[in-house]
Amino acid sequence: MKYLKFLLVGIFFGIVLVKSEAVSWYRIYEMFRFQSFHMYGIIGTAIATGVLFLQISKKGIIKSIKGADIFVPKKEKGITRYIIGGTIFGLGWALIGACPGPMYILLGTGVYSMIIVIVAALLGTFIYGVLKDKLPH
Amino acid sequence: MEYILNPWPWYITGPLIALVMALLLYFGKTFGMSSNLRTMCSIMGAGKAATFFNFNWKEQKWNLMVVLGAIIGGFIATEYLSNDSATDLNPTTIVELQNMGFEDSGTTLVPNEMYSIEALTSTKGLLLLILGGLLVGFGTRYAGGCTSGHAITGLSSLQKPSLIAVIGFFIGGLIMTNFILPLIF
Numbered sequence: 298m299k300y301l302k303f304l305l306v307g308i309f310f311g312i313v314l315v316k317s318e319a320v321s322w323y324r325i326y327e328m329f330r331f332q333s334f335h336m337y338g339i340i341g342t343a344i345a346t347g348v349l350f351l352q353i354s355k356k357g358i359i360k361s362i363k364g365a366d367i368f369v370p371k372k373e374k375g376i377t378r379y380i381i382g383g384t385i386f387g388l389g390w391a392l393i394g395a396c397p398g399p400m401y402i403l404l405g406t407g408v409y410s411m412i413i414v415i416v417a418a419l420l421g422t423f424i425y426g427v428l429k430d431k432l433p434h
Numbered sequence: 081m082e083y084i085l086n087p088w089p090w091y092i093t094g095p096l097i098a099l100v101m102a103l104l105l106y107f108g109k110t111f112g113m114s115s116n117l118r119t120m121c122s123i124m125g126a127g128k129a130a131t132f133f134n135f136n137w138k139e140q141k142w143n144l145m146v147v148l149g150a151i152i153g154g155f156i157a158t159e160y161l162s163n164d165s166a167t168d169l170n171p172t173t174i175v176e177l178q179n180m181g182f183e184d185s186g187t188t189l190v191p192n193e194m195y196s197i198e199a200l201t202s203t204k205g206l207l208l209l210i211l212g213g214l215l216v217g218f219g220t221r222y223a224g225g226c227t228s229g230h231a232i233t234g235l236s237s238l239q240k241p242s243l244i245a246v247i248g249f250f251i252g253g254l255i256m257t258n259f260i261l262p263l264i265f
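Chains A and B supply the protein sequences, listed in that same order.
Numbering-wise, the first sequence is residues 298 to 434 according to this note's numbering.
Numbering-wise, the second sequence is residues 81 to 265 according to this note's numbering.
Be aware that one or more of the hints could be misleading.
[What the hints assert, rightly or not] Under 10 Å between C-beta atoms, here's a sample of chain A residues computed to sit facing chain B:
| id | residue |
| --- | --- |
| 1 | 311 |
| 2 | 325 |
| 3 | 335 |
| 4 | 336 |
| 5 | 360 |
| 6 | 362 |
| 7 | 369 |
| 8 | 370 |
| 9 | 378 |
| 10 | 387 |
| 11 | 390 |
| 12 | 394 |
| 13 | 399 |
| 14 | 402 |
| 15 | 421 |
| 16 | 429 |
[To be verified] These stretches of chain B come out as covered by chain A in the derived footprint (C-beta under 8 Å, 3 or more residues):
| id | region |
| --- | --- |
| 17 | 107 to 114 |
| 18 | 125 to 137 |
| 19 | 147 to 161 |
| 20 | 187 to 199 |
| 21 | 203 to 213 |
| 22 | 230 to 237 |
[Said to hold, decoys possible] Each computed PhoX-like pair below joins lysine-lysine, with the alpha-carbon atoms no more than 20 Å apart:
| id | chain 1 | residue 1 | chain 2 | residue 2 |
| --- | --- | --- | --- | --- |
| 23 | A | 302 | B | 109 |
| 24 | A | 299 | A | 363 |
| 25 | B | 240 | A | 355 |
| 26 | B | 240 | A | 371 |
| 27 | A | 371 | A | 356 |
| 28 | A | 429 | B | 128 |
| 29 | B | 109 | B | 138 |
| 30 | A | 302 | A | 363 |
| 31 | B | 109 | A | 360 |
| 32 | B | 138 | A | 299 |
| 33 | B | 141 | A | 299 |
| 34 | B | 109 | A | 355 |
| 35 | A | 302 | B | 141 |
| 36 | B | 128 | A | 431 |
| 37 | B | 138 | B | 128 |
| 38 | A | 374 | B | 240 |
| 39 | B | 109 | A | 371 |
| 40 | A | 374 | A | 431 |
None of these hints come from the bench; they were simulated from the model.
Nothing here was measured: the structure is a model prediction, and the numbers come from that model.
Positions of the beta carbon are idealized from the N, C-alpha and C atoms, including for glycine.
Modelling step: build the complete structure from the supplied sequences, incorporating the hints.
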C-alpha cells in the first residue's frame with residue numbers, strides 16, 4: 298500500500314503526457330524546428346507553475362506528507378558534464394523522439410519496439426557508470 | 081467527455097506536469113524519470129562492474145512504481161481516453177517530413193518509418209533505435225538528469241546546473257533535427 302500512491306502518480310503522469318501529445322515524436326521534431334509553440338507552452342507553463350509552487354512552499358505554507366519542509370536536492374556544481382551530457386542526451390531525444398518518461402509511456406500505448414530503446418538506454422546508463430571516472434565532469 | 085477525448089491544450093497540461101512534481105515532493109521524493117535506469121542496472125548486478133551502481137536500490141523502489149504507473153497510464157490514455165484525432169501539426173512540418181519519406185505525419189504518436197515491425201527488421205531501423213536509446217541513457221546520466229529532472233524540477237527550483245543541462249539538451253536536439261535527421265532520411 299505504501300507504494301500505491303506512487304503507482305497512481307505514475308498513471309496520472311502517463312495520461313497527462315499522452316493527452317498533451319508530449320510523447321509524440323512529431324511534436325519533438327516540430328519543437329526543434331521552431332514550427333510550433335505547443336511544446337514550449339507545455340514546458341513553459343510547467344516551469345512557471347513549478348516555480349510558483351516552490352516559492353509558496355518555501356514560505357512554509359506547504360509541508361510534505363510527514364510535516365517536513367518541501368525539499369529539492371541541489372544539483373552538483375559544474376559546467377562540463379551538463380553541457381556535454383546534455384548535448385548527448387539531446388541528440389538521442391530528437392532522434393527517437395522520446396526522453397526517459399515518454400519511453401515507458403509509449404510502451405504502454407502499444408509501441409512495443411520501444412523495448413529496444415529502453416534496453417539500449419539501460420546499456421547507455423551502464424556504459425556511463427563504467428566510464429564515469431574517466432570522463433570530464 | 082469530448083474535452084477529455086480530444087488532445088489537451090498546453091496550458092492545461094503544463095500545470096498538470098508541475099502537479100506531478102509537486103505531488104512527489106509532497107511525498108518526500110524528487111521527480112526524475114531517468115534515475116530508474118540506474119536503479120535497474122543495479123538490480124541486474126551492474127555493481128560488480130562499477131561502483132556507480134553500488135547503492136541501496138531498495139530505497140528507489142517507489143521510483144519503479146512511478147515507471148510502472150507511467151506504462152499503465154499510457155495504456156489507459158490510448159485505450160479509454162482518446163479519440164482518433166490526429167496531432168495538429170504545422171502544415172510546413174508535414175510537408176517537410178513527407179519530403180524526408182515520413183508518411184501520415186501525426187496520425188500516430190511515433191512514425192511507422194522508425195517504430196513499425198518492418199522498420200525493425202531493417203538493419204538501419206534497428207540501429208537507429210539502439211543508437212537513440214544509448215545516447216539518451218548515457219547522456220542523461222552524464223548530465224545528471226533528463227527533461228523531468230532538469231527542465232521541470234531543476235528549472236522550477238532555479239538551479240543553474242539545470243539551466244546549463246537544458247541548454248545542452250537543446251544544442252543536441254537542434255543538431256539532430258536540423259542537420260543529422262535530414263542526412264539519415
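Here is what the structure says about each hint:
1. 311: 2 Å, holds
2. 325: Cβ of residue 325 (chain A) sits 8 Å from chain B, so the hint holds.
3. 335: 5 Å, holds
4. 336: 8 Å, holds
5. 360: 8 Å, holds
6. 362: 6 Å, holds
7. 369: Holds - the Cβ of residue 369 (chain A) comes within 10 Å of chain B, reaching about 4 Å at its closest.
8. 370: Where the cut-off is 10 Å and the nearest Cβ of chain B is about 6 Å from residue 370 (chain A), the hint holds.
9. 378: Holds: closest Cβ of chain B sits about 6 Å from residue 378 (chain A), inside 10 Å.
10. 387: 2 Å, holds
11. 390: 6 Å, holds
12. 394: 6 Å, holds
13. 399: 8 Å, holds
14. 402: 4 Å, holds
15. 421: Where the cut-off is 10 Å and the nearest Cβ of chain B is about 3 Å from residue 421 (chain A), the hint holds.
16. 429: 5 Å, holds
17. 107 to 114: holds (count 6)
18. 125 to 137: Our answer is that it holds, as 5 residues pass the Cβ test (under 8 Å) against chain A, meeting three.
19. 147 to 161: Holds: 13 residues of the region 147 to 161 of chain B have a Cβ under 8 Å from chain A.
20. 187 to 199: Our answer is that it holds, as 8 residues pass the Cβ test (under 8 Å) against chain A, meeting three.
21. 203 to 213: holds (count 7)
22. 230 to 237: Answer holds; 8 residues pass the 8 Å Cβ test.
23. A:302 / B:109: OK: residue 302 (chain A) and residue 109 (chain B) at ~12 Å, within 20 Å.
24. A:299 / A:363: 13 Å, holds
25. B:240 / A:355: 18 Å, holds
26. B:240 / A:371: Distance ~10 Å between residue 240 (chain B) and residue 371 (chain A) Cα, so the pair holds.
27. A:371 / A:356: 18 Å, holds
28. A:429 / B:128: At roughly 15 Å apart (the allowed maximum being 20 Å), residue 128 (chain B) and residue 429 (chain A) satisfy the hint.
29. B:109 / B:138: Given pair residue 109 (chain B), residue 138 (chain B) holds - Cα atoms ~14 Å apart, limit 20 Å.
30. A:302 / A:363: OK: residue 302 (chain A) and residue 363 (chain A) at ~14 Å, within 20 Å.
31. B:109 / A:360: Roughly 13 Å separates the two Cα atoms, so the pair holds.
32. B:138 / A:299: 13 Å, holds
33. B:141 / A:299: 11 Å, holds
34. B:109 / A:355: Holds: residue 109 (chain B) and residue 355 (chain A) sit about 16 Å apart, inside 20 Å.
35. A:302 / B:141: 12 Å, holds
36. B:128 / A:431: 18 Å, holds
37. B:138 / B:128: 17 Å, holds
38. A:374 / B:240: 8 Å, holds
39. B:109 / A:371: With a Cα-Cα distance of about 13 Å, the restraint between residue 109 (chain B) and residue 371 (chain A) holds, given a limit of 20 Å.
40. A:374 / A:431: Satisfied, since the Cα-Cα distance of roughly 18 Å is no more than 20 Å.
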